[in-house]
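Visitor: Just need the whole structure built from these sequences, with the hints factored in.
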Amino acid sequence: MGKDRFDFSEIDAALPAAERMQEEDRVADALENNYKAVRILGANVEKLENRLSEALPRLDGAVSSLREAGRITVSGEARRTLEREGDAICRKITGRIDRESAKMLDRLSMRDRVTISDTAFWCLIEAVIFLLAAFICTCMANARFMHSVMLWKMLGGTAGFLALCIALTVFVCHKLKQ
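Reminder that position 42 of the sequence shown reads as 76 in my numbering, one-by-one numbering, no gaps.
Note that these hints are calculated values from the structure, not bench results. Be aware that a few hints might be false.
Between beta-carbon pairs, the in silico distance windows are [claimed, not checked]:
1) Arg-130 with Ile-150: 29 to 35 Å
2) Cys-173 with Met-138: 47 to 53 Å
3) Ala-154 with Glu-119: 51 to 57 Å
4) Leu-158 with Met-138: 28 to 34 Å
5) Ile-150 with Arg-113: 54 to 60 Å
Even glycine gets a Cβ: it sits at the ideal position worked out from N, Cα and C.
Guide: Here it is, written out as C-alpha cells:
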C-alpha cells in the first residue's frame with residue numbers, strides 16, 4: 035500500500051516555483067504589451083515631427099507676412115500733418131484741463147473762506163470791543179452798591195468808548211484805502 039499512495043509533499047514543494055513561473059509570464063506579457071505601445075507611440079511621434087517640419091516654414095512665412103501687413107508707411111507730409119493735428123489736440127486738452135482746474139481751485143478756496151469787505155471786518159471788531167466794554171462796565175457796577183450816579187458813569191464810559199471805537203475804525207479804513 036505504500037507504493038499506491040500519492041505523495042503530496044512534492045506538490046507543495048513545486049507550488050512556489052509554479053507561482054513564480056506564472057508571475058514571470060504575466061510580467062513578460064506586460065512588457066511585450068508595453069513594447070508594442072512604445073513602438074506605436076514612436077511611430078506617431080515620428081509622423082508628428084515630419085508634419086511639424088513641413089508646417090514650420092509655412093508658419094514662418096505667415097508670421098512674416100503678418101509683420102509686413104502690420105507696418106504702416108507714412109509720407110513726410112502726412113507725418114507732419116499728423117504731428118500738427120496731434121499737437122493741436124494736446125494744446126486743446128491742456129487748455130481745457132487748465133480752465134477746469136482753475137474753476138475747481140476757485141470753488142474749493144471759496145468754500146473755505148468767507149469774504150467780507152475791510153470796512154465790515156473792522157466794524158465787527160468794533161462791535162466786539164464795544165460789547166466787551168459794556169460787559170466790563172456792567173460787572174463793575176454790580177460789584178459796588180448801585181446808585182443812579184454809578185449808572186450814569188457807566189453809560190458815559192460806554193458811550194465814550196463807543197465814540198473812540200468808531201473814530202479808530204474810520205481812521206483804519208481811511209488808511210487801508212490809501
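Visitor: Taking the hints in turn, state whether each one holds.
Guide: Evaluated hints:
1. Arg-130 with Ile-150: 29 to 35 Å: holds, 34 Å
2. Cys-173 with Met-138: 47 to 53 Å: holds, 50 Å
3. Ala-154 with Glu-119: 51 to 57 Å: Roughly 53 Å apart at Cβ, these two residues keep to the hinted range, so it holds.
4. Leu-158 with Met-138: 28 to 34 Å: holds, 30 Å
5. Ile-150 with Arg-113: 54 to 60 Å: holds, 58 Å
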